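K.L.:
Start counting the sequence shown at 1; every next residue gets the next number (full-length UniProt numbering).
Derived by calculation from the structure, the hints in this document are not laboratory data.
The model shown is predicted, which means the values in this text are computed figures rather than measured ones.
Here are the computed distance ranges between Cβ atoms for each label pair:
| no. | residue 1 | residue 2 | range |
| --- | --- | --- | --- |
| 1 | Ala44 | Ala128 | 43 to 51 Å |
| 2 | Val55 | Thr2 | 38 to 46 Å |
| 3 | Val62 | Ala128 | 21 to 29 Å |
| 4 | Ser140 | Ala3 | 19 to 27 Å |
| 5 | Arg130 | Ala59 | 30 to 38 Å |
| 6 | Ile135 | Gly161 | 34 to 42 Å |
| 7 | Gly40 | Ala3 | 53 to 61 Å |
| 8 | Pro4 | Met43 | 49 to 57 Å |
| 9 | Arg66 | Asp129 | 24 to 32 Å |
| 10 | Thr2 | Asp129 | 18 to 26 Å |
By construction, the Cβ of each residue, glycine as well, lies at the ideal position given by its N, Cα and C atoms.
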Amino acid sequence: MTAPVRRRLALLVSAAGAMIVALDGTILLVAQPSLQRDLGASMAQIQWTSTGYLVAVAALLVIAGRLGDRYGHPRLLLVGVLGFGAASAGIALAPSVGWVIVLRAAQGGFGALLQPATLALLRLAYPADRLGTPIAIRTSAIAVAAGSGPILGGVLVAQLGWRAVFWVNVPVACVIAFSSSPCGRRHLNVPAPRGPTSPVPACSPSRSRSWSTPWPTCPREGGPPPPRCSNSAPPPASRRCSSGTNAAPRTRSSRRPWRAPHR
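My request is simple: use the sequences and hints to build the entire structure.
P.N.:
The following block contains the structure:
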């Protein structure tokens with residue numbers, strides 16, 4: 001698969017995954033009266049069918065992004081879209097409003113996994129100088145999905161009933177899961193390199209030093225040189241010193257000679 005085709009596929013998967021999450025936030029609004037009559041639910045229970053979904057998406061969005069950074073965004077994308085489809089099928093088969101509320105919250109949790117994963121798919125599939133257009137397309141797709149939710153929901157409820165509002169997510173989720181594997185496996189979940197070519201040093205003195213530790217400008221005369229990371233950059237010229245000098249570590253007063261000492 002060539003790079004342009006892979007990028008278009010990544011854009012399609014990203015936009016579709018973000019659209020179904022936004023679509024389910026508004027598509028149930030016109031189906032709630034039919035759901036209330038069918039399941040005999042109260043007004044408070046009907047309100048929780050939408051509130052539980054939105055609260056789950058908002059509460060778990062940051063956590064989902066952190067999980068994607070830790071375990072890989074393609075894995076989170078696959079888990080999120082399959083879980084979203086399974087939760088949608090469970091809501092369509094729910095025998096009571098209690099099951100609808102619980103499964104809607106689960107659907108929102110899986111939707112929270114989708115949002116950062118679909119955005120990360122674009123960030124790693126496109127170069128930085130060409131990232132603006134796909135992100136704009138994804139954002140526009142989210143707005144279109146949220147706005148068309150009540151219209152699509154009204155058509156489905158009038159023709160097939162309120163359960164069709166959730167059945168429509170199942171084939172879409174299966175298509176996204178099938179299409180995301182070739183474009184996500186190559187571009188995402190790749191560990192950062194560690195070595196001379198890595199922009200991040202493989203070792204760091206952060207565990208052995210603190211903010212109060214002075215920075216030695218050069219090793220003392222006759223002493224061993226300070227330990228250095230093998231791939232760290234050389235110190236700047238202002239911190240180098242000639243060999244054979246017995247220089248003391250720099251302190252705050254030595255860095256600011258124009259200030260008089262406190263008396």
